[in-house]
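Guided by the hints, dock chain B onto chain A, whose structure is given.
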Amino acid sequence: MSRRGKAFGALAIAAAVAAIAVTAAEAHGTSTHSTKLSGTLNIMGFGTNGDDVAKNRFAIAQKAVAPVKVNAPNGGFNEQQFLTDVASKQVPDLVYWDRSFVGTYAAKGALLPLDNCIKSDNIDTSQYRQAALQSVTYKGHIYGIPEFFDVRTLIVDTHVADTSGVSGKMLNTANPTVLKQAALKMYQHNGSQVTRIGFDPKLPEFFPLWAKAFGANILSKDGLHPDLNSPQAIAALTYANSLIQAQGGYNAFLAFRNTWDFFGSDNQVAKNQVGAWPMEEWYYNVLASSSPDVTVTAIPFRSKTGDPINYSTGSAWSIPKGAKNVAAACQWMKTMTNASTWETVANIRKAAYAKNGQYWTGLFTGNAKADAAINKPTAGEPKKWASIINTVENAEHYSFALPASPASAQFNTAWTNAVNRVLQGQQSPTQALDQAQKEAVAAIKAATKK
Amino acid sequence: MTRTPGPGDRARRWASGFRERDTWWAYAFLAPWFFGFLVFTAGAMVWGAIISFTNYSVVAPTHGVGLANYRAIGSDPYALLALKNSFEMTAIYVPFEMGLALLFASMLARITRFDGFFRTIFYLPVMTPTVAIGGMYLLMFNGPYGLVDQFLGYLHIPEPYWLTDPNWIKPGIAAMLVWQVGGNTVLYLAAIKNVPQQLYEAASIDGASAWRRFKDVTLPMISPTLFFTFVILTVYGLQVFDQIYTAFYNPSNAKISSDTSLMYVIYLFQQAFDYLHMGFASAMAWLLFGIIMVITVFQILVSKRFVYYEGEQR
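Just so you know, the protein sequences line up as chains A and B, in that order. Per the working numbering, the first sequence starts with residue 1, numbered consecutively. Per the working numbering, the second sequence starts with residue 1, numbered consecutively.
With the rest of the complex left out, here is chain A:
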């Protein structure tokens, strides 16, 4: 590295440290906790070995809770470890986990409702995306502070689409007939082997998105009443399954998809192995870093009424019942998820990307205020990535999430198994979803039985 480069690097590090220090000081200063923080804060699910965004936010939050000693072993949330901790009455003060866990544990009384925490630390819940808040709210109480926010859009390989005679207008989930025609135009095969998927509906994972697009709400807002076998849900599964069956059938389709080098430079877009598919926004980061020259664009997923929709999932922070350092836990959650923290770490990343010649593809969080500030194309950004950031940022406004349910895991298993039975030809969509409905109703009934 040249002396100039070294100097620039040192300057960037110094700027990052200064930004973290300022943000931490602000966070510390805004705490309205009446008690002075002390002791140890034990965290499960969020260590110090994450990416730059995770590490920098960790540093900011650590300063905000000083002089509290933060104990955060590396590794994601481990349900078995957590249950062992609960059984031995040694629960962590904070858990960082998928929002789908929240309903089940809240219903069993294993989590602290965050009403007091939100009040005492003056946490502005209006800054968080409503869909994210809904998935951590059970019986009117918030049990988690949302962190990341997944946005699902259609990723389109424009080279494949153009050479197949498929226009952007054809790739419209609001018009299933035309979408299927587009899929078949882009689809290629060699005998019984698939060599290119035209359109991958991403089943079973994205069934809730297809169901919503067809007008079904598969779970009531209170998370207590499933509606998996409504005519709309059955129509959605019938259609999404037909896309796969028309492109070689499930066996050949999945076997081919399993060969993709998903995170490598020879990924399915770089090798033109797929025309379009719905996907979480983080995959744009993968493409930008592993194969920045690919020709892609983002198109919003639309419901049959033509409105854009986004099925959102993501992570959250929760406090288990029995946590010993609730005050520090509240301060930590607030700092990790507030707009200024996100903006600080996003700016550090933007600077690092600019220095390395990488493209900024956005950072999508559960904090709407932060996202509005962060997700603007950077100077000199190629139009391709700038347009993708705009599409994803706009899609965030049309988000829905599966509400917190006392039997989330069983509910998810019920519809996942149903979709797989249909894909594998064991049941019709009606039979499969009727069975799933019965299973989900029984599971929720059992979970709410006192």
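It is worth saying that the hints were derived from the structure and are not from the lab. The reader is advised that the hints may include incorrect statements.
[Claimed, not checked] A few chain A residues facing chain B, derived, Cβ under 8 Å:
| no. | residue |
| --- | --- |
| 1 | Q193 |
| 2 | Y250 |
| 3 | L254 |
| 4 | A255 |
| 5 | Q410 |
| 6 | Q424 |
Backbone N, C-alpha and C define an ideal beta-carbon position, used for all residues, glycine too.
Structure of chain B alone, referenced to chain A:
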């Protein structure tokens, strides 16, 4: 007339052993195992038996439910499906593994040069971590793109979709488990090498063909080893977890899980750790224990007709 030793004699003889220093040392060396067994096996089993009569979920208040968990297993379609899947998969796996191990052992028994090298080669896959086997399975058995189907393609044998075709999922899992066939191969090889040579010589003099020598000399003489592995493999087949969970139920691969790949222990794990039904899962564990005990006793009873122990008086 000699007196048959009674329980009192045996107890006195056992107690008198403690006059010897070596007895104390023996128990001292055994103590860690006893401790581990009491705490981590017997203790856990007793605790499991207790919570199988409760609604224990770790996180919510616990109360007794009597036999409700055991009754619920009988009316849970997934528990019965998983049990059926486990039996079917085990029924494919055990004969497949034993047959292949016997074939390899018979081949290795004929090798006289570099036999140690070949034994090592056959045993090496046993060292593979079971989780890695599950991951490797996804690559090797991925329809026409996997190594296995490509090999079958060369032989012009139709290539199944092992991961997604309900007709091929259980045979595929059995084939995955056979990856560790080397362990039984080594056992069978040792048993074959212990067959007295004069039996083969006598059979040859009587004009017995190679097949007759194998059927009427080798098989009876190694039948205790075959029986031992038969019992162990049956228990293993009904309890196998790691490889199947990694391949089909790891969150990143869960999209290919299906009713056909749901084995009993996988469902038990889901009930315990995904759905927090610890009481129900414990009842499932005890039921499996009972089923395995019944099968093992049945196997032992049947074995008396087929297993030959050298020096045994009948």
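Taking the hints in turn, this is what the structure says about them:
{"no.": "1", "hint": "Q193", "in the structure": "holds (6 Å)"}
{"no.": "2", "hint": "Y250", "in the structure": "holds (6 Å)"}
{"no.": "3", "hint": "L254", "in the structure": "holds (6 Å)"}
{"no.": "4", "hint": "A255", "in the structure": "holds (3 Å)"}
{"no.": "5", "hint": "Q410", "in the structure": "holds (5 Å)"}
{"no.": "6", "hint": "Q424", "in the structure": "holds (6 Å)"}
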